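There are 2 protein chains.
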Amino acid sequence: MSLTYTAPLDEMRFTLKEVFDAPKFWQNNEKLSHVDEETVDMILDEMAKFASEVLLPINQSGDEEGAKYLGDGKVATPAGFRQAFAQYAEAGWIGLGGDPNFGGQGMPKMVTMLTEEMLFATNQSFALYPNLTVGASICLLAAASDEQKTKYLEKMYAGQWAGTMCLTEAHAGTDLGIIKTRALPNDDGSYAITGTKIFITGGEHDLAENIIHLVLAKTPDAPAGSKGISLFIVPKFMVNDDGSLGERNAVQAGSIEHKMGIKASATCVMNFDGAKGYLVGAENTGLAAMFVMMNYERVTMGLQGLGASVLAYQNAARYAQDRLQGRADTGVVNADKAADPIIHFADVRRMLLNAKTNSVAARTFAMYVAQNLDTAKYSDDTAAAKAANAKVALLTPIVKAFVTDKSFAAAIDCQQVFGGHGYIKEWGMEQIVRDTRISQIYEGTNGIQSLDLLGRKVVKDGGVAMSAFLDEIDAAAGASASSHSIVASVKSSVQTVRELTAKLIAASKDDANAINASAVDYLHAVGYLCYGYMYLLIINACEGKAGEFYENKRKLADYFVARSLPSLDAHAKMAAAGSSSIMAFDAGFFA
Amino acid sequence: MSLTYTAPLDEMRFTLKEVFDAPKFWQNNEKLSHVDEETVDMILDEMAKFASEVLLPINQSGDEEGAKYLGDGKVATPAGFRQAFAQYAEAGWIGLGGDPNFGGQGMPKMVTMLTEEMLFATNQSFALYPNLTVGASICLLAAASDEQKTKYLEKMYAGQWAGTMCLTEAHAGTDLGIIKTRALPNDDGSYAITGTKIFITGGEHDLAENIIHLVLAKTPDAPAGSKGISLFIVPKFMVNDDGSLGERNAVQAGSIEHKMGIKASATCVMNFDGAKGYLVGAENTGLAAMFVMMNYERVTMGLQGLGASVLAYQNAARYAQDRLQGRADTGVVNADKAADPIIHFADVRRMLLNAKTNSVAARTFAMYVAQNLDTAKYSDDTAAAKAANAKVALLTPIVKAFVTDKSFAAAIDCQQVFGGHGYIKEWGMEQIVRDTRISQIYEGTNGIQSLDLLGRKVVKDGGVAMSAFLDEIDAAAGASASSHSIVASVKSSVQTVRELTAKLIAASKDDANAINASAVDYLHAVGYLCYGYMYLLIINACEGKAGEFYENKRKLADYFVARSLPSLDAHAKMAAAGSSSIMAFDAGFFA
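Residue numbers (numbering that gives the first Met the number 0), protein chains in the order written: chain A, 0 to 590; chain P, 0 to 590.
Don't read these hints as lab results, they were simulated from the structure. Some hints could be false.
[What the hints assert, rightly or not] Lysine-lysine pairs mimicking DSS-like chemistry, simulated, CA-CA at most 25 Å apart: (1) K148/P / K490/A; (2) K424/A / K385/P; (3) K30/A / K148/A; (4) K459/P / K424/P; (5) K385/A / K30/A; (6) K67/A / K424/P; (7) K16/A / K424/A; (8) K226/A / K385/P; (9) K424/A / K67/A; (10) K572/P / K572/A; (11) K23/P / K554/A; (12) K502/A / K30/P; (13) K73/P / K424/A; (14) K336/A / K148/P; (15) K275/P / K148/P; (16) K376/P / K424/A; (17) K490/P / K572/A; (18) K424/A / K226/A; (19) K572/P / K23/P; (20) K336/P / K16/P; (21) K572/A / K16/A; (22) K275/A / K179/A; (23) K67/A / K459/P; (24) K554/A / K385/P; (25) K456/A / K23/A; (26) K424/P / K23/P; (27) K30/P / K179/P; (28) K73/A / K376/A; (29) K544/A / K554/A; (30) K336/A / K226/P; (31) K490/P / K424/P; (32) K424/P / K226/P; (33) K456/A / K385/A; (34) K508/P / K424/P; (35) K572/A / K554/P; (36) K424/P / K73/A; (37) K179/A / K336/P; (38) K154/P / K23/P.
Please read these numbers as outputs of a predicted model, since none were measured by experiment.
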């Protein structure tokens, strides 16, 4: 009855090589010319093995046991996590995408995203420990001094030290401008950090010998609001010049949260009591440094959703093959048994296909964004890098919010396939739902992602970046040699989104509430278009190719057009309805 | 930080009295003429008090502690449950809707549904114990002999004895035709029941001195499938002729399930080992007897969803009033504070309004069905009773599935309002989500409800009952004096559903998979129409009335038209897409 997982390597390789022709992309980019197909294949095979053999077996037990606060600032991870982390670190996985100058392997996001998918598929809680370390290292790489990089990155890549991001405070979640954590300059150039951070993933644990906290705080004369936030390195143990560990710093976990899911991930309250911290970059540039990391992390949150929906799908599909109940509508299948497998019922398939069309589209979409991330980071063509960067900025909130929303729905659908058994812990499906629910909330709620998309990325630049993206999709549809219905569907969807975008930009000029009122539905409308675009790319990649694999991709695109894409219009209508029906109520009505 | 609840008595009374004019309805039905407004008001007040003061305080602690299997067939409910159940029973709540001939209070479903809403709002786990007892008593009242009724009902109404429904077996959930539990005739007219039932809510507990199990089993020469199922009374303790308890029967809980939610409700594996059972009604009529109860129970499942969404809404609204984060889009509200309450953000209101429009529509819809249940049961007008019965049959799957689906979405939206705090146990919101998730699964999954609607209730009678319902809505819209946009929206929605219905009936003639492929989307399309119809009835009831209460109802209807109803078209399109894109895959594709 335990969950099983087979990494969808064929699907991954199809996406990587046939849809996006990654080998050619790497060849064409000097800075990625070290990436070769054979190595990548080996990486995927190895991670598939590690995920199935090491991480999946400690997924349900980790949920059952949970991370534990032992008192006195100590946190224990569940049985098996230490060994798994050690094995993971030793294999070099944490530095897979890291800078080779500091011992990283320099693999592009197009590759690391696939390893992350497998990680999240098999153990969402475990995945967060290395993931936060990777996030912190990306932040350091982008904003820290060479000395700091040398001091910290190598050991973080090696998993010897872990990392965290300390942003949220009890009264300051979305609104980081009002944080209260203070940084007072010491005589030696360091700062004394004092304050309490909450919801710190991996704030304390027993997996690594040191933890490098990246902390947002305000210096004494900092400007008010988000322009006065600085970023600090606060190590759990001080680091001597020779790299050895010194004394314990004044930072300690006060407790851990008891949560709906990801229970094996320690979510800590962190107390900084004059802890020694080192400024990263210049004062008051902390948020900017964080945002370098955010684009990577938010794509990764989409991968959490994707991974969860793949695990949910595989197990629901297996259950539907095994579970005998009733007789198929088209006639008895199992004449020798009392009932037929429920996979023969269209409604069961509908639920499975919702999950499957999501995972295929989500992986393709994440890969599309990953390729743009890699172009932005590694391309020598400045114009191409700039354009890619703009596209990443535009699409990141969508890959974070739309993919996690659709993946949560997929997990719910797959749980539903199990009937009553889906509600029972033993079967594992309800854990997938509980675990992946967080992906819609953290790293900026999906509502905040939607405001980022419509407010900052669309309205603020007058729709220029979105318009360029819509043109690209339109051109791709126009150029497609396929006769599949996805082509026409994508064309008409582009038109719908184009009109909606223009309408909302116009509305925002007269109505201060327009963006907030329409953001989530707008993101969903655009999200469906993005998935449609991905199916167009998939269909193009299948063009002229025979065989079941490609045929099934065409069928999935059929299903997407028939049974998923109609939601685009509904969201577009709701987004276009504006703020009046929402803001008509007095605030006091809500009680 | 704990959850609060204020029973929405104004809303309830508005629905009961102003939308459906219940006092007049009771007056016009001889068998309900004993129901007076004053008593009903008192009942609602008392239940509101009990729910808030007794049930809510043991809701989170009950989840934390959970029901416990003590070994040797014994189950303990969490702290406070025994006292609460005793108090609940003593107040006569279990017999509120029961037959006065056996000590019940004869209150109609229009009243009991409101008490059930409050029960489920404040403690979904607790609610199930009396609820199953009520369900079993309804079943007995409909199908048992007078002797049996006399023997059991009074003590069940009094809460001295509890009841269960034992249907599901490990291999037989949806498909009850393949159950294996056997009933062998004894010499004394009783039967020896042997088999194992799973997922038995309240199968064992410490709340009552006896438990009356209603068990589905097959007699030796029963026809195969669902036509060969009989219903038996199997008491935990045998009942002597004088009503006193005799020896322990051979039925015992083997274990309880560990579940995603409703953890304080004991979900038992029940082992029947030649237990003495008494046939209810004739052999092989067991399913029919169960279905009498089902219409009541399935409406009650809708009320579970409704209750959960009300609790979620109230707490999210309160949080949104208290939580300061960012500045309102229309300018600073709290000049003396660092931030404004998030209730000023349109997106936060959107989530709250999704929940609020759901709860108002769901309550109205449940009341509409409850009135038809009461007409079917109590009316002297045979034609009216028959018509009401047909409408109940048509709408029951919708009130079960659509209301629980929309209520789950509402709970998710309200959890989202809390940001990260929504994911933390302490705040209580995640429990609402976990608890109410079951309502989409049990009592027939929502997929099964959808098949019931489209297959048995629509296609099977050639759409006659649905057509009559659509005519009724159309006529109501045509007769409405209101200028509100809901009128035109409902009219056009009727047309959409009418065309869809005709299309699906036609499709089912040529395509054996047509019903299964379209059922869920069809139910959702019809569900949105039902909610629209309810807003029409609400708007009609508000017509010509001034004041904030009525004005807010008109605004809610505006919101529903602008931001919810557009989903109807999407579901209609997906339902109309048929089975081809689903059944095109080989069964082996799903892996």
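To see whether the hints hold, each was checked on the structure:
no.: 1; hint: K148/P / K490/A; in the structure: violated (66 Å)
no.: 2; hint: K424/A / K385/P; in the structure: violated (44 Å)
no.: 3; hint: K30/A / K148/A; in the structure: holds (20 Å)
no.: 4; hint: K459/P / K424/P; in the structure: violated (46 Å)
no.: 5; hint: K385/A / K30/A; in the structure: holds (16 Å)
no.: 6; hint: K67/A / K424/P; in the structure: holds (15 Å)
no.: 7; hint: K16/A / K424/A; in the structure: violated (38 Å)
no.: 8; hint: K226/A / K385/P; in the structure: violated (70 Å)
no.: 9; hint: K424/A / K67/A; in the structure: holds (20 Å)
no.: 10; hint: K572/P / K572/A; in the structure: holds (15 Å)
no.: 11; hint: K23/P / K554/A; in the structure: violated (57 Å)
no.: 12; hint: K502/A / K30/P; in the structure: violated (58 Å)
no.: 13; hint: K73/P / K424/A; in the structure: holds (21 Å)
no.: 14; hint: K336/A / K148/P; in the structure: violated (39 Å)
no.: 15; hint: K275/P / K148/P; in the structure: holds (18 Å)
no.: 16; hint: K376/P / K424/A; in the structure: violated (40 Å)
no.: 17; hint: K490/P / K572/A; in the structure: holds (18 Å)
no.: 18; hint: K424/A / K226/A; in the structure: violated (46 Å)
no.: 19; hint: K572/P / K23/P; in the structure: violated (41 Å)
no.: 20; hint: K336/P / K16/P; in the structure: violated (44 Å)
no.: 21; hint: K572/A / K16/A; in the structure: violated (37 Å)
no.: 22; hint: K275/A / K179/A; in the structure: holds (17 Å)
no.: 23; hint: K67/A / K459/P; in the structure: violated (57 Å)
no.: 24; hint: K554/A / K385/P; in the structure: violated (46 Å)
no.: 25; hint: K456/A / K23/A; in the structure: violated (30 Å)
no.: 26; hint: K424/P / K23/P; in the structure: violated (46 Å)
no.: 27; hint: K30/P / K179/P; in the structure: violated (42 Å)
no.: 28; hint: K73/A / K376/A; in the structure: violated (38 Å)
no.: 29; hint: K544/A / K554/A; in the structure: holds (14 Å)
no.: 30; hint: K336/A / K226/P; in the structure: holds (18 Å)
no.: 31; hint: K490/P / K424/P; in the structure: violated (44 Å)
no.: 32; hint: K424/P / K226/P; in the structure: violated (46 Å)
no.: 33; hint: K456/A / K385/A; in the structure: holds (15 Å)
no.: 34; hint: K508/P / K424/P; in the structure: violated (51 Å)
no.: 35; hint: K572/A / K554/P; in the structure: holds (18 Å)
no.: 36; hint: K424/P / K73/A; in the structure: holds (21 Å)
no.: 37; hint: K179/A / K336/P; in the structure: holds (14 Å)
no.: 38; hint: K154/P / K23/P; in the structure: violated (33 Å)
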